[in-house]
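Mind docking chain B on chain A? Use the hints.
The listed protein sequences derive, respectively, from chains A and B.
According to this note's numbering, numbering within the first sequence proceeds without interruption in unit steps and concludes at 426.
According to this note's numbering, numbering within the second sequence proceeds without interruption in unit steps and concludes at 426.
Calculated directly from the structure, the hints in this document are not laboratory data.
Just so you know, not all the hints are guaranteed correct.
Distance condition first, Cα-Cα at most 27 Å in a straight line; then the derived BS3-like pairs of lysine-lysine [said to hold, decoys possible]:
| no. | chain 1 | residue 1 | chain 2 | residue 2 |
| --- | --- | --- | --- | --- |
| 1 | A | Lys-34 | B | Lys-82 |
| 2 | B | Lys-34 | A | Lys-96 |
| 3 | B | Lys-34 | A | Lys-82 |
| 4 | B | Lys-127 | A | Lys-98 |
| 5 | B | Lys-100 | A | Lys-98 |
| 6 | A | Lys-81 | B | Lys-34 |
| 7 | B | Lys-21 | B | Lys-89 |
| 8 | B | Lys-21 | A | Lys-100 |
| 9 | A | Lys-96 | B | Lys-139 |
| 10 | A | Lys-98 | B | Lys-239 |
| 11 | B | Lys-82 | A | Lys-127 |
Computed spacing ranges between beta-carbons, pair by pair [claimed, not checked]:
| no. | chain 1 | residue 1 | chain 2 | residue 2 | range |
| --- | --- | --- | --- | --- | --- |
| 12 | B | Lys-183 | A | Asn-101 | 36 to 44 Å |
| 13 | B | Glu-422 | A | Gly-103 | 53 to 61 Å |
| 14 | B | Arg-408 | A | Lys-169 | 30 to 38 Å |
| 15 | B | Lys-183 | A | Gly-103 | 56 to 64 Å |
Among the chain A residues that face chain B by a calculated CB cut under 8 Å, a handful are [as the list claims (entries may be wrong)]:
| no. | residue |
| --- | --- |
| 16 | Thr-8 |
| 17 | Phe-42 |
| 18 | Leu-43 |
| 19 | Ile-64 |
| 20 | His-70 |
| 21 | Ala-73 |
| 22 | Val-91 |
| 23 | Phe-95 |
| 24 | Thr-97 |
| 25 | Lys-100 |
| 26 | Thr-110 |
| 27 | Pro-114 |
| 28 | Asp-128 |
| 29 | Phe-131 |
| 30 | Val-338 |
All C-beta atoms, glycine included, are put in the ideal place defined by N, C-alpha and C.
There are 2 protein chains.
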Amino acid sequence: MRQSQLFTKTRKEAPSDEVAKNAKLLIRAGYIHKEMAGVYSFLPLGLRVQNKIVGIIREEMNAIGGQELHMTALQDPEIWKKSGRWDEKSVDSWFKTKVKNGGEVGLGFTHEEPLTRIMTGHVRSYKDLPFSVYQFQTKFRNEERAKSGILRTREFLMKDLYSFSQDEKEHEAFYKRAIAAYKKIFSRAGIGEKTYLTFASGGNFSRYSHEFQTITDAGEDAIHLCEQCRVAVNEEIIKEQNACPECSSKKLSAQTTVEVGNIFTLGTRFSEALGLTYLDEKGASRPVFMGSYGIGPGRLMGTIVELFADDKGIVWPEAVAPFQVHLVSIAGADGAKVGREADKLYEALTRKGEKGRNGEKGVEVLYDDRALRAGEKFADADLLGIPLRIVISEKTLADGKFELKDRRTGQVSVMSERALMEKLCS
Amino acid sequence: MRQSQLFTKTRKEAPSDEVAKNAKLLIRAGYIHKEMAGVYSFLPLGLRVQNKIVGIIREEMNAIGGQELHMTALQDPEIWKKSGRWDEKSVDSWFKTKVKNGGEVGLGFTHEEPLTRIMTGHVRSYKDLPFSVYQFQTKFRNEERAKSGILRTREFLMKDLYSFSQDEKEHEAFYKRAIAAYKKIFSRAGIGEKTYLTFASGGNFSRYSHEFQTITDAGEDAIHLCEQCRVAVNEEIIKEQNACPECSSKKLSAQTTVEVGNIFTLGTRFSEALGLTYLDEKGASRPVFMGSYGIGPGRLMGTIVELFADDKGIVWPEAVAPFQVHLVSIAGADGAKVGREADKLYEALTRKGEKGRNGEKGVEVLYDDRALRAGEKFADADLLGIPLRIVISEKTLADGKFELKDRRTGQVSVMSERALMEKLCS
Chain A
1 MRQSQLFTKT
11 RKEAPSDEVA
21 KNAKLLIRAG
31 YIHKEMAGVY
41 SFLPLGLRVQ
51 NKIVGIIREE
61 MNAIGGQELH
71 MTALQDPEIW
81 KKSGRWDEKS
91 VDSWFKTKVK
101 NGGEVGLGFT
111 HEEPLTRIMT
121 GHVRSYKDLP
131 FSVYQFQTKF
141 RNEERAKSGI
151 LRTREFLMKD
161 LYSFSQDEKE
171 HEAFYKRAIA
181 AYKKIFSRAG
191 IGEKTYLTFA
201 SGGNFSRYSH
211 EFQTITDAGE
221 DAIHLCEQCR
231 VAVNEEIIKE
241 QNACPECSSK
251 KLSAQTTVEV
261 GNIFTLGTRF
271 SEALGLTYLD
281 EKGASRPVFM
291 GSYGIGPGRL
301 MGTIVELFAD
311 DKGIVWPEAV
321 APFQVHLVSI
331 AGADGAKVGR
341 EADKLYEALT
351 RKGEKGRNGE
361 KGVEVLYDDR
371 ALRAGEKFAD
381 ADLLGIPLRI
391 VISEKTLADG
401 KFELKDRRTG
411 QVSVMSERAL
421 MEKLCS
Chain B
1 MRQSQLFTKT
11 RKEAPSDEVA
21 KNAKLLIRAG
31 YIHKEMAGVY
41 SFLPLGLRVQ
51 NKIVGIIREE
61 MNAIGGQELH
71 MTALQDPEIW
81 KKSGRWDEKS
91 VDSWFKTKVK
101 NGGEVGLGFT
111 HEEPLTRIMT
121 GHVRSYKDLP
131 FSVYQFQTKF
141 RNEERAKSGI
151 LRTREFLMKD
161 LYSFSQDEKE
171 HEAFYKRAIA
181 AYKKIFSRAG
191 IGEKTYLTFA
201 SGGNFSRYSH
211 EFQTITDAGE
221 DAIHLCEQCR
231 VAVNEEIIKE
241 QNACPECSSK
251 KLSAQTTVEV
261 GNIFTLGTRF
271 SEALGLTYLD
281 EKGASRPVFM
291 GSYGIGPGRL
301 MGTIVELFAD
311 DKGIVWPEAV
321 APFQVHLVSI
331 AGADGAKVGR
341 EADKLYEALT
351 RKGEKGRNGE
361 KGVEVLYDDR
371 ALRAGEKFAD
381 ADLLGIPLRI
391 VISEKTLADG
401 KFELKDRRTG
411 QVSVMSERAL
421 MEKLCS
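In isolation and in its complexed conformation, chain A is listed as follows (with noise of 0.2 Å):
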């Protein structure tokens, strides 16, 4: 995308009650635009960075079998009395509205209660388990606190996974595969080395629950870390027993971490309250056994923001990055000879590929074709934080060379066209 047509421009400062550097980076970088307080829109370089997030979680998802379906915010009361879950005393985070003509309704801050009822239409035997369906879809929650930029909102999308099963055993073996489908995502977008698979309270139908908890200071939680496994507890488990779950070490080290994943045996809580039940093989009535397993893309985003940045702004992990290059290009007193040169490096690097070279897409190129010094050019650039810097000048032409820069390191490389378009484009 050339860069003077996208509309958003970056700023010197932050609203002034922003505190949490995530947002202060985002907002000051034009990813996304503060509504209220806990309440931001994504815009165009934001919802890129999200979208590539929801990209390699759908394609885990779907790797473990995961069937994609979309349900509402609007939520019926009648089900979530059911299961004890409509009244304030039990669920403290409700929004809730009026229906023209007819009752409160409330926005959905997850979904077990209208699933389970959907599913009573569809499933009857032991033969249609176990499976298991995802959506992405925008939570409320009616938080408190909302000090933590995109780490802790009260709209954001959410990554819902449930699973039915027969029974705890086939729960459990779904389960593990969630558990490495997590450990895969966390891992492709960058932040594996930081989060850490952790034992948290389980609730009525298993000794532990699990979350996934990623070391920054920006977090709002703390974990307890077993060097040895790479496994942690969390504040809760710790109280309990001051000891490592996989290798009872008691070394264990004390980490403010933001929680980046969780994932939730719920046995059969949901399905006896609303009626889900099906025939087993000799034909007995038995309630479904469920889970629920889920990301929060945006939280994830910000997570991934605080744990890379540095003075000079953010550096997202390719993977997730809103464009893998940022072509820059520096206009002397000959300014039209470089605008051709760096026109002709831009279609080339984005046409799409032919023969495997540059993929389906070609590379996605952030081109800053705009005319201003390159100063402020380069100050934008370590803003918006893309992996690989190319800048086109006088200087770089008459020497027939590219100048790469790695935004994480700061490694500059020079190098020729042939070899700059082997090296990005096959």
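For chain B alone, kept in the frame of chain A given last:
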């Protein structure tokens, strides 16, 4: 996808309170689920159709330079008070709710106000204009009636595009491109022949706005169609001028229609209310001239069902069908052999394309590998409405041929595997 893995089942009866044909068929076929009156979840097949429609719209919006973003449902009252649209007297379809420790907020039914505010941070000079942005975002409308299935719902996905221009002349040029893009969208989605550009009342800034109206008895609107020009006028306009606005013909025929899109000149109404100005070439401050352009993908999907369904079920145009091919295996005495051959054909059809064959994704096939009687499978296939059905049975294997049936025409052709692969995969 193997149909044995798909969790949704078809059903003989729709909910007894459902009167609209689109909802009855879509629920019976397992495309959607009714949560409450006017509130529908999209199950996997339904989401696939909606995503196809979204894909077509996105391509055409990108083709006219639209930049995609994503705004929030939760709405800050402050900006709606400035435009005069917060009050129940001016807008009677608000859903409103309360933020904890804060005041009342709305659920967006459209997004002129928040987008105009966003733009005050990004538009400075005439050099920043014109441009357009769009989103696919969930809208909430507190409708009095909700009897038309997914044609009119209280919560729905909407594509809303907004244009920002220096003045009316610049706006008109974009407006014409938007009309052309909309025509392409409806044509690609298969309803072009039944859809008419319709002159509607224009508001303060323009003599006319435009609707796209599709002729179907299921509609809640009426238009007056000039057979000569293939344009129409809506009920408001016919009262003012009983003639075609293009050719002045008075031969207009009344038709029942559903509105599948609308485009609107907003002028400076919102930019003046919210202070969105730019500096023109002479350095004078002027309000930005705006337009808005909406399409509801769910309503479009419902309209397609209404238009093409027959007494056996849904009939999808190819471009929006959840799958292109419904492969149905009919196991007889030697079920294993039929299964093996059907598996082989399924693999061959869905294999990702190489050298241009099969495209990027292979052919999209729903493979009915379920152990059911032929009659049940054929009835399900008719209900689901996938454009092309391929049957494999002992008989077709004995003949060395496959039977293809066109869902729309009912036409059956018999062909060799080679001819089949050439037809579908080149």
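These are the hints, each one checked on the structure:
1. This hinted pair checks out: Lys-34 of chain A and Lys-82 of chain B have alpha carbons roughly 18 Å apart, not beyond 27 Å.
2. Of the pairs offered as hints, the one joining Lys-34 of chain B and Lys-96 of chain A holds, with about 20 Å between alpha carbons and a cut-off of 27 Å not exceeded.
3. About 18 Å separates the Cα atoms of Lys-34 of chain B and Lys-82 of chain A, which keeps this hinted pair within 27 Å; it holds.
4. Under the criterion of a C-alpha separation no larger than 27 Å, the hint pairing Lys-127 of chain B with Lys-98 of chain A is inconsistent with the structure, at around 45 Å.
5. Distance restraint check for Lys-100 of chain B and Lys-98 of chain A: the Cα-Cα separation of roughly 17 Å lies within the 27 Å cut-off, and the hinted pair is therefore satisfied.
6. Under the criterion of a C-alpha separation no larger than 27 Å, the hint pairing Lys-81 of chain A with Lys-34 of chain B is consistent with the structure, at around 18 Å.
7. Proximity of Lys-21 of chain B to Lys-89 of chain B is assessed by CA-CA distance (about 34 Å); at most 27 Å being required, the pair is judged violated.
8. A threshold of 27 Å between alpha carbons decides the hint, and for Lys-21 of chain B with Lys-100 of chain A the separation of about 24 Å falls inside it, so the pair holds.
9. Between the alpha carbons of Lys-96 of chain A and Lys-139 of chain B the distance comes to roughly 16 Å, so the proposed pair stays at or under 27 Å and holds.
10. The suggested pairing of Lys-98 of chain A with Lys-239 of chain B is violated, with an alpha-carbon distance near 36 Å, which exceeds 27 Å.
11. In summary, the hint linking Lys-82 of chain B to Lys-127 of chain A is not supported, as the alpha carbons are separated by about 58 Å, beyond the 27 Å threshold.
12. The given range of 36 to 44 Å is respected by Lys-183 of chain B and Asn-101 of chain A, whose C-beta atoms sit roughly 38 Å from each other.
13. Between Glu-422 of chain B and Gly-103 of chain A the CB atoms are about 58 Å apart, so this pair conforms to the stated range of 53 to 61 Å.
14. At roughly 47 Å, the beta carbons of Arg-408 of chain B and Lys-169 of chain A sit outside the given window of 30 to 38 Å.
15. In this structure the supplied range 56 to 64 Å is violated for Lys-183 of chain B paired with Gly-103 of chain A, their Cβ-Cβ distance being about 43 Å.
16. For Thr-8 of chain A, the suggested interface contact is upheld, since its CB lies about 6 Å from the closest CB of chain B, less than 8 Å.
17. This hint holds: Phe-42 of chain A has a C-beta 4 Å from the nearest C-beta of chain B, less than the 8 Å allowed.
18. Checking Leu-43 of chain A against chain B: minimum C-beta separation of about 5 Å stays under 8 Å; hint holds.
19. Taking 8 Å as the C-beta cut-off, the interface hint given for Ile-64 of chain A is violated, the closest approach to chain B being about 12 Å.
20. Given the 8 Å rule on beta carbons, the hint for His-70 of chain A holds: about 4 Å separates it from the nearest Cβ of chain B.
21. Because the smallest distance between the Cβ of Ala-73 of chain A and any Cβ of chain B comes to about 6 Å, under 8 Å, the interface hint for this residue holds.
22. A distance limit of 8 Å between C-beta atoms decides the matter here; for Val-91 of chain A the minimum to chain B is near 12 Å, and the interface restraint is violated.
23. Nearest Cβ of chain B to the Cβ of Phe-95 of chain A: about 5 Å, under the 8 Å cut. The hint holds.
24. The criterion of a C-beta within 8 Å of any C-beta in chain B is met by Thr-97 of chain A, whose closest approach is roughly 4 Å, and the hint holds.
25. The beta carbon of Lys-100 of chain A is positioned within 8 Å of a beta carbon in chain B (closest approach about 5 Å), and the interface hint is therefore held.
26. With a least beta-carbon distance of about 14 Å to chain B, the hint placing Thr-110 of chain A at the interface is violated under the 8 Å criterion.
27. The closest approach between the C-beta of Pro-114 of chain A and any C-beta of chain B is roughly 6 Å, which is under the 8 Å cut-off, so the hint is satisfied.
28. For the restraint placing Asp-128 of chain A at the interface with chain B, the shortest Cβ-Cβ distance is roughly 7 Å, inside the 8 Å limit, so the hint holds.
29. Hint status for Phe-131 of chain A: holds, given a least beta-carbon distance of 5 Å to chain B, under 8 Å.
30. For Val-338 of chain A, the shortest C-beta to C-beta distance to chain B is roughly 20 Å, which exceeds 8 Å, and the interface hint is violated.
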